[in-house]
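Protein chains in written order, with this note's numbering: chain A, 1 to 336; chain B, 1 to 154; chain C, 1 to 119.
Hints in this document: simulated from the structure, not taken from any laboratory. Where hints are given, some of them may not hold.
[Said to hold, decoys possible] Computed footprint of chain C on chain A, listed as stretches where at least three residues anywhere in the stretch have a Cβ under 8 Å from a Cβ of chain C:
#, stretch
1, 150-156
2, 217-231
[To be verified] If you want the footprint, here are the derived chain C segments under chain A, 3+ residues with CB under 8 Å:
#, stretch
3, 27-40
4, 43-52
Please read all numbers here as calculations on a predicted model, not as lab measurements. For every residue, glycine included, the Cβ atom is placed at its ideal position computed from N, Cα and C.
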Amino acid sequence: MSAKKRGLQTVYFLNPPALVSWASFVGPKEGEGPWGDSFDVKLDNYLLGKKTWEQAESKLLQDTVTMAMSKKGWSIDEAEVLLAGDLLNQTASANFAARLLKIPFLGLYGACSTMAESLILGAMLLDGGFYQRVIAATSSHHFSAERQFRFAVEQGVQRTPSAQWTATASGAAVLEAGSPGPKITAATIGKIADMGQTDANNMGAAMAPAAADTIKMHLKDMELAPDYYDLIITGDLGSVGAALLRQFFARDGLVPPPNYSDCGILLYDEKQDVHAGASGCGCSAAMLCGPLLAKMQRGEINKLLFVGTGALMSPTTMFQGESIPGIAHAVAIENI
Amino acid sequence: MNMPQNEELQQAEAAEYESLVKQVNPKPTYIKNSLWAFVIGGLICMTGQIITNNLIKSGMEVKAAGSITSVTLIFLAALFTGLGLYDELAKRAGAGTIVPITGFANAIVASAMEFKREGYIFGVGAKIFAVAGPTLVFGFVISVIIGLIKVIAG
Amino acid sequence: MVPLYMAFLVGGLLCLTGQIIMDFTKPNITPGHILVGYISIGAIISGLGLYQPLVDIAGAGAAVPLSGFGHLLAQGAIEAAGSKGILGAFSGGVANTAAGITAAIVFGYVAAVLFDPKE
Numbered sequence: 001m002s003a004k005k006r007g008l009q010t011v012y013f014l015n016p017p018a019l020v021s022w023a024s025f026v027g028p029k030e031g032e033g034p035w036g037d038s039f040d041v042k043l044d045n046y047l048l049g050k051k052t053w054e055q056a057e058s059k060l061l062q063d064t065v066t067m068a069m070s071k072k073g074w075s076i077d078e079a080e081v082l083l084a085g086d087l088l089n090q091t092a093s094a095n096f097a098a099r100l101l102k103i104p105f106l107g108l109y110g111a112c113s114t115m116a117e118s119l120i121l122g123a124m125l126l127d128g129g130f131y132q133r134v135i136a137a138t139s140s141h142h143f144s145a146e147r148q149f150r151f152a153v154e155q156g157v158q159r160t161p162s163a164q165w166t167a168t169a170s171g172a173a174v175l176e177a178g179s180p181g182p183k184i185t186a187a188t189i190g191k192i193a194d195m196g197q198t199d200a201n202n203m204g205a206a207m208a209p210a211a212a213d214t215i216k217m218h219l220k221d222m223e224l225a226p227d228y229y230d231l232i233i234t235g236d237l238g239s240v241g242a243a244l245l246r247q248f249f250a251r252d253g254l255v256p257p258p259n260y261s262d263c264g265i266l267l268y269d270e271k272q273d274v275h276a277g278a279s280g281c282g283c284s285a286a287m288l289c290g291p292l293l294a295k296m297q298r299g300e301i302n303k304l305l306f307v308g309t310g311a312l313m314s315p316t317t318m319f320q321g322e323s324i325p326g327i328a329h330a331v332a333i334e335n336i
Numbered sequence: 001m002n003m004p005q006n007e008e009l010q011q012a013e014a015a016e017y018e019s020l021v022k023q024v025n026p027k028p029t030y031i032k033n034s035l036w037a038f039v040i041g042g043l044i045c046m047t048g049q050i051i052t053n054n055l056i057k058s059g060m061e062v063k064a065a066g067s068i069t070s071v072t073l074i075f076l077a078a079l080f081t082g083l084g085l086y087d088e089l090a091k092r093a094g095a096g097t098i099v100p101i102t103g104f105a106n107a108i109v110a111s112a113m114e115f116k117r118e119g120y121i122f123g124v125g126a127k128i129f130a131v132a133g134p135t136l137v138f139g140f141v142i143s144v145i146i147g148l149i150k151v152i153a154g
Numbered sequence: 001m002v003p004l005y006m007a008f009l010v011g012g013l014l015c016l017t018g019q020i021i022m023d024f025t026k027p028n029i030t031p032g033h034i035l036v037g038y039i040s041i042g043a044i045i046s047g048l049g050l051y052q053p054l055v056d057i058a059g060a061g062a063a064v065p066l067s068g069f070g071h072l073l074a075q076g077a078i079e080a081a082g083s084k085g086i087l088g089a090f091s092g093g094v095a096n097t098a099a100g101i102t103a104a105i106v107f108g109y110v111a112a113v114l115f116d117p118k119e
């Protein structure tokens, strides 16, 4: 077994890359949420001066990546690779943002787990000595996601209590080898878990088993106590998925239970009528590249396990009667 | 040897998980939803009746009055959808706005508005029936079957 | 003429039934399924001659819900089948509901031209 592998699914970085800069943009609804002021930019509209939602999302991602670099006084071409994705077919937003950013680009699809996926791959590229500085980024846009996965904006629908609201948000993180900053020390790439959930309005239930599996494997592979991390946070299980995950913790013998929260629950508050919480790639990305990393910088959190969760279905497979495959990837970020 | 066992185990796990999910899942606000659906649905139908009654009073015959009532309600639904108000009502009223013909109109208009960004031919033109298509297909097929039964049975 | 409260009552009840189906059945039964169900069941009940009595007492309360649209389709097919045979069976339903369908398409197109989806 390689010196960098731990247990069955986890990799350990001998040269842990650092998160040296980050940026987060959110839409109006997210800006009105409890963490609104912890994001770099709160937009006041959803079109960003463009004609379509897809173009707006592309600009959103592009602007976030640009800001993450410019915070350190760098221009885009001072990063060597962009690892980015989004929810749209053919990762349209990321492709068109990359067109303008003009650096080598790898498009990723992990549904809402894309931020975790891009961080893991970025860390591997750096720890492996291939590059010095890479960018991991992702975005989601409520209206571009709705029209692809669900309904036209003006269609009259009544959302169920377990439904989640796709966030309009984006996050970008710059990873650098051998620099100070919160470090990515280990990562666990998840396996797909599908327990036969078919309700497209209950993503949390579809993804919870995957989150449970990845977290359990990570702790086991790294031989850590369940309360080792100051915080284990999932991307967007929402209130239903989070409740289910806590049941899994008990069932998997994670005692004492970890200090656990979920970005989907945190992003909005009750009064915003989002039912089970936020979803979308941008949800976990913005929360990480906004409030969470800020807390790490201030030393309020020193050991974070960031677990991106994704529901890997498509409208076609749903209509064909397939269930929803879930996946979760864990990224350990520590102040060392 | 192991395959059937594995599948059985998988199915048992899935069933167990499903019952856990059902337990944890918050229930819809049944009473509130029912009241809203009843009242709003009733009001939309009543509005239709007011229109029909006025048309009949002004001398129109019943069938034509019914047709014009439908078209008027469809127009109002289209207007409210265009103004972005229909979905606000539907959020609360659920079936009260989906079951009446206004729901059908809303689905068509919303799709047309949304997909205009892909152009008027392949955006609006192709996607306009994305949601309402199935109702028309099934409605037409069943009506033809009924008609054919009438022809055969006399 | 049909009293307004009857239209309200029957229309409300038909919508309430739809809401109960939406809330109590498995999540796989979507509003789309409900619409298809209403138009189909309305057409079938109409074919059996049982929907017209409902229209007679409830007026718009029976005509406005999508089941009423199914009723128009069925009645159109039956009448045209009676006078024009097989050709009527095919054309009757569509002919009877043409005004409503065309109105929806035209207004939809106009709305698309005039309005943008609101945030």
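Does the stretch 43-52 of chain C contain three or more residues whose Cβ lies closer than 8 Å to a Cβ of chain A? It is violated, with 0 qualifying residues against the three required.
Just to make sure I understand the rule, a stretch counts as covered if three or more of its residues have a C-beta closer than 8 Å to a C-beta of the chain. Does the stretch 27-40 of chain C meet that for chain A? Coverage by chain A holds for the stretch 27-40 of chain C (3 residues, Cβ < 8 Å).
Please check whether the stretch 217-231 of chain A has three or more residues whose CB lies within less than 8 Å of a CB on chain C. That given contact is violated, which follows from only 0 residues of the stretch 217-231 of chain A lying within Cβ reach (below 8 Å) of chain C.
In terms of beta carbon proximity below 8 Å, does the stretch 150-156 of chain A have 3 or more residues touching chain C? It holds, with 3 qualifying residues against the three required.
Checked against the numbered hints given earlier, this structure breaks hints 2, 4; the rest are met.
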